[in-house]
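Participant: Model the placement of chains B, C and D on the given structure of chain A, informed by the hints.
There are 4 protein chains.
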Amino acid sequence: MKVLVTGFEPFGGEEINPSWEAVSGLPDEIGGAEIIKRQLPVTFNGVRKILPRLIVEERPDVVILTGQAGGRPNITVERVAINVMDSTMPDNDGFAPEDEPVFEGAPAAYFATLPIKAIVRALRGEKIPAGISNTAGTYVCNTTMFTALHTIAVAGMETKAGFIHVPFSHEQALEKPRPSMAVETIRKALEVAIRTSLRG
Amino acid sequence: MKVLVTGFEPFGGEEINPSWEAVSGLPDEIGGAEIIKRQLPVTFNGVRKILPRLIVEERPDVVILTGQAGGRPNITVERVAINVMDSTMPDNDGFAPEDEPVFEGAPAAYFATLPIKAIVRALRGEKIPAGISNTAGTYVCNTTMFTALHTIAVAGMETKAGFIHVPFSHEQALEKPRPSMAVETIRKALEVAIRTSLRG
Amino acid sequence: MKVLVTGFEPFGGEEINPSWEAVSGLPDEIGGAEIIKRQLPVTFNGVRKILPRLIVEERPDVVILTGQAGGRPNITVERVAINVMDSTMPDNDGFAPEDEPVFEGAPAAYFATLPIKAIVRALRGEKIPAGISNTAGTYVCNTTMFTALHTIAVAGMETKAGFIHVPFSHEQALEKPRPSMAVETIRKALEVAIRTSLRG
Amino acid sequence: MKVLVTGFEPFGGEEINPSWEAVSGLPDEIGGAEIIKRQLPVTFNGVRKILPRLIVEERPDVVILTGQAGGRPNITVERVAINVMDSTMPDNDGFAPEDEPVFEGAPAAYFATLPIKAIVRALRGEKIPAGISNTAGTYVCNTTMFTALHTIAVAGMETKAGFIHVPFSHEQALEKPRPSMAVETIRKALEVAIRTSLRG
Chain A
1 MKVLVTGFEP FGGEEINPSW EAVSGLPDEI GGAEIIKRQL PVTFNGVRKI LPRLIVEERP
61 DVVILTGQAG GRPNITVERV AINVMDSTMP DNDGFAPEDE PVFEGAPAAY FATLPIKAIV
121 RALRGEKIPA GISNTAGTYV CNTTMFTALH TIAVAGMETK AGFIHVPFSH EQALEKPRPS
181 MAVETIRKAL EVAIRTSLRG
Chain B
1 MKVLVTGFEP FGGEEINPSW EAVSGLPDEI GGAEIIKRQL PVTFNGVRKI LPRLIVEERP
61 DVVILTGQAG GRPNITVERV AINVMDSTMP DNDGFAPEDE PVFEGAPAAY FATLPIKAIV
121 RALRGEKIPA GISNTAGTYV CNTTMFTALH TIAVAGMETK AGFIHVPFSH EQALEKPRPS
181 MAVETIRKAL EVAIRTSLRG
Chain C
1 MKVLVTGFEP FGGEEINPSW EAVSGLPDEI GGAEIIKRQL PVTFNGVRKI LPRLIVEERP
61 DVVILTGQAG GRPNITVERV AINVMDSTMP DNDGFAPEDE PVFEGAPAAY FATLPIKAIV
121 RALRGEKIPA GISNTAGTYV CNTTMFTALH TIAVAGMETK AGFIHVPFSH EQALEKPRPS
181 MAVETIRKAL EVAIRTSLRG
Chain D
1 MKVLVTGFEP FGGEEINPSW EAVSGLPDEI GGAEIIKRQL PVTFNGVRKI LPRLIVEERP
61 DVVILTGQAG GRPNITVERV AINVMDSTMP DNDGFAPEDE PVFEGAPAAY FATLPIKAIV
121 RALRGEKIPA GISNTAGTYV CNTTMFTALH TIAVAGMETK AGFIHVPFSH EQALEKPRPS
181 MAVETIRKAL EVAIRTSLRG
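As given, the protein sequences belong to chains A, B, C and D, one line each in that order.
Reading the first sequence from the start, the letters are residues 1 to 200 in the numbering used here.
Reading the second sequence from the start, the letters are residues 1 to 200 in the numbering used here.
Reading the third sequence from the start, the letters are residues 1 to 200 in the numbering used here.
Reading the fourth sequence from the start, the letters are residues 1 to 200 in the numbering used here.
One chain only, chain A, in its complex shape (with noise of 0.2 Å):
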């Protein structure tokens, strides 16, 4: 079994990105599968450059995305990725596209094929708060939710894929009274999803 995870690069002014912070420190195997961790850049274009090309040579069982979602407090697993791409922020290209679709004719929307509630029961379990959550945006983390799951129906895949959003770091909430959690925490958030998608 082989499982993708991803993480991004920072944004938005921040220094670091607590999802690449958590990926980049997951093993190499975990439940007898191999971990193959990336860093995706936060643009509209690269996402959708980078992701199919490595979904279809790598092949793998599973994708996991995970995004930073600055101001929710627990861990919340997509629901849902649609096909828009509308920000007046700017990605990390300068570009900051209006009401475009992530790929012209496809479908209005996909749901995550990761066991969603099973690995927000999961968590809750392990003591980690979590949540699903009904929208990833309209930025970047929905593009790559997207692009990963219209990737997978188009080549006639079976590889369950999703998205995670994580919540600010504590070395990103220190002086802001906004909710943050452990890197470690969120790290063993991630294994656990993985774990249960590996089950699912």
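One thing to keep in mind: the hints can contain errors.
The list cannot tell twin chains apart, which means a pair is met if one copy fits it or any two copies do.
[Stated by the list, open to error] Mimicking SDA-like on lysine to any residue, the simulated pairs with C-alpha atoms at most 25 Å apart in a straight line are:
(1) Lys117 - Lys176
(2) Lys188 - Arg72
(3) Lys117 - Glu29
(4) Lys49 - Met157
(5) Lys176 - Arg121
(6) Lys188 - Glu34
(7) Lys117 - Pro107
(8) Lys160 - Glu191
(9) Lys117 - Leu174
(10) Lys2 - Ala153
(11) Lys37 - Ala155
(12) Lys160 - Pro107
(13) Lys117 - Pro97
(14) Lys117 - Ala96
(15) Lys176 - Glu191
(16) Lys117 - Asp99
Hints were generated in silico from the structure; no laboratory data involved.
Facilitator: Positioned in the frame of chain A, the structure of chains B, C and D alone reads:
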């Protein structure tokens, strides 16, 4: 040197109180000082009886009172306690005072005598999100802080005292999207606050 | 031209629903178009039965569905409805579906066909705080929006449709520190949305 | 009878201050009392100079100071002012005091002498969301409240005084998802507060 550290019993329908979870896990000695740990009842009358006796008998050099501030995302060091008890939510005795003084004839307020800014700086230095709070409310937490500072003032003691509010623990926020913090991180925060107060 | 505007009955322990308070106060004609006002039940099965019939019989040019989003501070125009009913909170029939489709075999999602960005711009132009929302949740509001868009798509109609979430009214937030808006302002917002949709 | 009501000039990058928008719209007479309206600068030194003179010269029966509390969703009547100026955000003079007293040698705090609970009840009775606040912060608003109460105490006057914080106006929150209130509603709230204070 002697440090008195208190936490509360659970209240408001919660099954645990993260303040006591953290306090009870502290070592018996920190930086050469003896650590006296006490659990306080969440009752206006209880703390006003217990705390003055405890302080006068133990004569600690430092008093750090702690309590749960559900909803706050970080460790908050309280700046001031005010001479009022006012709550529509009954305490654990069923008592809900309206606009009564904590102590008749006492001043309107006392400022914390702990080095509150130094504690915040030290916490951030240890990668723990923290800030100053300008209100401990008008429930039992504020009454506890006011009682300690008034007792020390009336007795002419040199004891430094103050109150630290802590977030929900992860266990309390598993299924609700509220900010929370690991008990172990809260425990470490209290240790940092104690060390800073002993120096300050 | 004909516009169908709906609001909901109260739910979740509230005694009023600001969406219906606002809708019921609309005039019977706006910009030369006939305004048909209907109150919908907060039930998954009710709206899936009532709404398709209503749309097919009335054949409105515009459908604006509205509902309460307690806690949101501004008028939010929904971007997308997803094919899922998922709630731990029972509806007014006592029904709490878990991960069921709104309509078996329907697409994963429909985008609103109202001019959502133009509505937001027009609202702000009238000094009413507004924004786009990327999730209508998975409760009855989303089911209503999905039902309308699916009905229109299946029937091959040209009707423009979408959903607008409104904040608590002031009456609902008198004693709780939650964002709220005057019913009269909400009513005006709906009128602006109708005028914009008729033009758009 | 004479009532002094103050609002502030804009600060923090805002172009208006809803407190002054509301105050300037008050009539010149309410309930038979003369209403004196003044705009105050958002400067620690300005209010400490201007306000004592104004109160001593005008000898009002009631002083209602108002200011913007961006982010709060309702009208909040302040309970207490504390003897500290502490801000990392400079005031409109560029002055950012750290832990300095408002007045050297003054008490730690003063409680509002307005009938704060009666004002909250009256506001709710007029369908305006309202509550008590236990902190006016440590910026210019608190300094203003402290200055008024200290001036009145030192001068041995019988004037009732206090501070009311108001939310952002709708105009300020058009594009940001923050709680806001119509200026007209804020204006009405101040009128209710004045009437209640004259009776109370």
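Participant: All hints, please: hold or fail.
Facilitator: Going down the list of hints, with the structure as the test:
no. : hint            : result
1   : Lys117 - Lys176 : between (31 Å within a copy, 15 Å between copies)
2   : Lys188 - Arg72  : both (18 Å within a copy, 24 Å between copies)
3   : Lys117 - Glu29  : within (24 Å within a copy, 44 Å between copies)
4   : Lys49 - Met157  : within (18 Å within a copy, 37 Å between copies)
5   : Lys176 - Arg121 : between (30 Å within a copy, 13 Å between copies)
6   : Lys188 - Glu34  : within (17 Å within a copy, 35 Å between copies)
7   : Lys117 - Pro107 : both (24 Å within a copy, 21 Å between copies)
8   : Lys160 - Glu191 : within (16 Å within a copy, 44 Å between copies)
9   : Lys117 - Leu174 : between (32 Å within a copy, 14 Å between copies)
10  : Lys2 - Ala153   : within (18 Å within a copy, 40 Å between copies)
11  : Lys37 - Ala155  : within (22 Å within a copy, 47 Å between copies)
12  : Lys160 - Pro107 : both (18 Å within a copy, 19 Å between copies)
13  : Lys117 - Pro97  : between (32 Å within a copy, 14 Å between copies)
14  : Lys117 - Ala96  : between (33 Å within a copy, 16 Å between copies)
15  : Lys176 - Glu191 : between (28 Å within a copy, 22 Å between copies)
16  : Lys117 - Asp99  : between (30 Å within a copy, 10 Å between copies)
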